[in-house]
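From first to last, the protein sequence lines stand for chains S and E. Sequential numbering of the first sequence, starting at 80, is according to my numbering. Sequential numbering of the second sequence, starting at 185, is according to my numbering.
Honestly, the hints are just simulated from the structure, not real lab data. Owing to the predicted nature of the structure, the values given are computational and were not obtained by experimental measurement. There may be inaccurate statements among the hints.
Pair by pair, the computed Cβ-Cβ distance ranges are [to be verified]: (1) E/V287 x S/Q194: 32 to 42 Å; (2) S/D633 x E/A370: 41 to 51 Å; (3) S/Q194 x E/A370: 22 to 32 Å; (4) E/A370 x S/D134: 30 to 40 Å; (5) E/A370 x S/G653: 57 to 67 Å; (6) E/A445 x S/K206: 49 to 59 Å; (7) E/R275 x S/K182: 22 to 32 Å; (8) E/R275 x S/K206: 50 to 60 Å; (9) S/K182 x E/L216: 38 to 48 Å; (10) S/E615 x E/G280: 54 to 64 Å.
Beta carbons are placed, not taken as given, at the ideal position from N, Cα and C, and that holds for glycine.
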Amino acid sequence: MSIVLDQLTKRYEQHAVVNKVALQIHDAEFFVLLGPSGSGKSTILRMIAGLAPVDTGRIVLHGRDVTDLNPQARDVGFVFQNYALFEHMTVAENVEFALRIRKVERKQRSERRDQLLELVGLAGLGKRLPRQLSGGQQQRVALARALAHNPAVLLLDEPFGALDAKIRTDLRRNLRSIQRELGITTIFVTHDQEEAFELADRLGVMNMGRLLEVGTPNELYQRPQTEFVATFLGSANVLLGQCNDVGVQVGSMTFPLQTSSTAEQHPAVQVVIRPEDVVLAKTEAALRSPSLGQATVETQTFVGAFERIRLRLPALPDVHSIAPVRPFGEHAILIDALRNPDEARNLPIHSGDQLWIGVRRLHALSQRGLNVLMISDSQPVAETALNIGGNLARLAHARATVVARDGNEAGLRTRIQAVREQLGAGLPHLQTRLSTTSLIETVRRETEHEPCDIVVLGTEARNAERDATQLLSVAQQHVLLVPPTAKACSKALICLSDGEPSKEDVAFAGRLLGSVGASATLISVATQTNDIDRLERFLQSSAASLRRHEVVTDSKVLVGNIAQTINAEIKRGGYDLVIVGAPLGAYSSNYDLGSVVGPLLSQLSVPVLIIRSSYLQPMPERLALNVLETVA
Amino acid sequence: MTTQTIERTTPRLPWGRWSIRGAALTYLAVFLVLPLIVVVVDGLGAGVESITSVVSSPIARHAIWLTIWTGLVMALINAVMGLLTAFVLVRYEFPGKTLLNAVVDLPFAIPTLVTGVMLVILYGPQAAIGSWLDQHLGWKVIFAPSGIILALLFTSFPFVVRSVQPVLINLDRSSEEAAATLGAPAWQIFWRVTLPALMPALVSGTLLSFARAIGEFGAIVVVAGNIPLRSQTAAIYVYGEIESGSQRNASAMSLVMLAIALGTMTLVDWLSRRRQEVQP
């Protein structure tokens, strides 16, 4: 391994701009870090070069831990976006700089310099000053300069960002061939997907400080695991379908799983349909692919060699559309299709046409992104809830929807504006809406539009039980109740009772806490002393499953009255989040929060996350590893 | 190219155009050019020989030489300390930074006579520091060239700081970072990368402070007095000649000072022009 990054983290104030990035890069590999601006990719590069200090984690270059070394000692070559040439030196002096520092003799210096200038295609321009060269030539000089001392690793930070398209293409090819020739391990940072695909042996996609996925360009395009990667690499139709023992079901289409599934009920699954895998035909029979339904052509545009078509498909049962984004209250599903000129000639279409949509191939995402719904009402505590919920969504890389309700329309609009300013910058995906109906009605409508995983609501202790009961009675999400005294979520207390549902509590809690970076204490309360051994074994296995999500965990069994013991432990341990399972079935409409959760909520002092055990089904593990394909 | 742009953006009405230009040019002529012409005519009134005869007198020669060498010593010290100050102000964070930044401009605001008074209080023979320096090091500050240099350092301090500071702020750190990744230790980065980039600003700031020093009067007359052949600078010589009614001699010396100052300014102008050409 040439480059190993181990749990690399960088914070600016409280905000993690690089969040636990782990990555291994092989010898002579050309690795591309791809992500939108502000995703932390450049910061990683600067940390590897020693230009930005590391907060936690390690950097190993060729087996040598360089985390605490200064840039001079790291033996890297770095190419900057703005070239960063020494303006007062000639091209030759620039290239020779590293050798001069190393006191290499004049003759060897000039030999190496000529060789490098030849390599980057600038032979004979050594006497020029940088300002006498074009941008592309200057970047070639910068590349030659960075290679002069034979560095172990070459790092390029958006090197072609300031150049125009034609020169970029030339330079890319040039760089790739130089890298092959020298066999130097390279990391190239870019926000340009085309550039990434053309250059990379492997690429890593980043967003919000996280390295989401790593793979070859082909793997990541064909089999993304996260919604972000699916939509960032090319365009994608993302739908929410159902996963059952036959396969993945989207409307009337069922795509068989290539592996057997153990799913018992109907966990929702995100499926990706690439526009080029959408088939259009006049009749259903002519599709020769599984049919999604009959749709209306909305728009049609030409993009160079291809034709892009947007269609509107009437709502399908149990199918929700995530991308492309549709307006709220719109029940129809929007589908993007891409056709080559051949297909376009065989079936000319116009907007308004009725066409059948078929799907050649679809892919199910293994990591369904979390979706957080935050309700902001007129109470002062709503602000606290937004902070807590927004922070959770940001750290968990979740989609977030904020609904302002309870107030006149003008007031709601101002509140929405404030929410956007407060949360907008830090969230991967934020939607805001107004609602003038009741809490239950609001949540019902929202979850019908797009199912969510957690509803966040700010509330006072005296109303907590009522609000929890209401929220749990609609749809199928977990509930996070935030009291006015809440500050952060970094130390969680997970209260378990033994048995099957609790395993799911733990699975969800682990996923959430892992992405938030919180620590956890697992407790179980025994009412009789002879239960202790059994509960301890159960807690051990639960703790192990939390550690798999990299959550720092300890566990203990307490004895006593359940509600009183838990309340005492909350006060004693300084926890700032309590996670409990709700003793509920899936679809009943009246809940009794029972003897544990009820008393807990009546003394609400820290946020309480009530997990609906029956909702979260584990995904069949190997589902994601297989592309689900049918070919007629 | 610049002139074209200016013409396009000026008002189209000839009346407006000419009245504005006329006002500016008349103002320049009356307040700047006219006095210059008068002093040149007066200085050359009795021919070039009269200047050489005035200037070749031992007292005048000493005054010119004293002015130049104290100015040069000051400019050199100012270059180093001004660069250092600018560096500290731009690159480091410390409490009171804003205050220090404001204090830099103080010498421009304080009347130079007051500066002289402050120095006399501080270094005079009766003052603690002044008497200590005199007794232990035999170093007289007041009525001596060191006093002149001290006065000049105080009055010219802002020039180097204020010309280097903006360049340093806008200096792209990435070339320094590039040098670090190429293996250059910190002092080599400064010497080979940072300093060359600051050089034009540093030189022009230094020259400006020198040009300013040539004409300094108020601070010097208080600190150094008016002792011919010892602490009399060119400006004080001119003052003395005017007092004693030799206007010719005063004009001749003024011409010499003008020549030095104009020469320096031309150099500064040329340097800054060259810098602008360097930056595309």
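Verification of the supplied hints:
{"no.": "1", "hint": "E/V287 x S/Q194: 32 to 42 Å", "result": "54 Å, violated"}
{"no.": "2", "hint": "S/D633 x E/A370: 41 to 51 Å", "result": "46 Å, holds"}
{"no.": "3", "hint": "S/Q194 x E/A370: 22 to 32 Å", "result": "30 Å, holds"}
{"no.": "4", "hint": "E/A370 x S/D134: 30 to 40 Å", "result": "23 Å, violated"}
{"no.": "5", "hint": "E/A370 x S/G653: 57 to 67 Å", "result": "45 Å, violated"}
{"no.": "6", "hint": "E/A445 x S/K206: 49 to 59 Å", "result": "39 Å, violated"}
{"no.": "7", "hint": "E/R275 x S/K182: 22 to 32 Å", "result": "28 Å, holds"}
{"no.": "8", "hint": "E/R275 x S/K206: 50 to 60 Å", "result": "33 Å, violated"}
{"no.": "9", "hint": "S/K182 x E/L216: 38 to 48 Å", "result": "55 Å, violated"}
{"no.": "10", "hint": "S/E615 x E/G280: 54 to 64 Å", "result": "60 Å, holds"}
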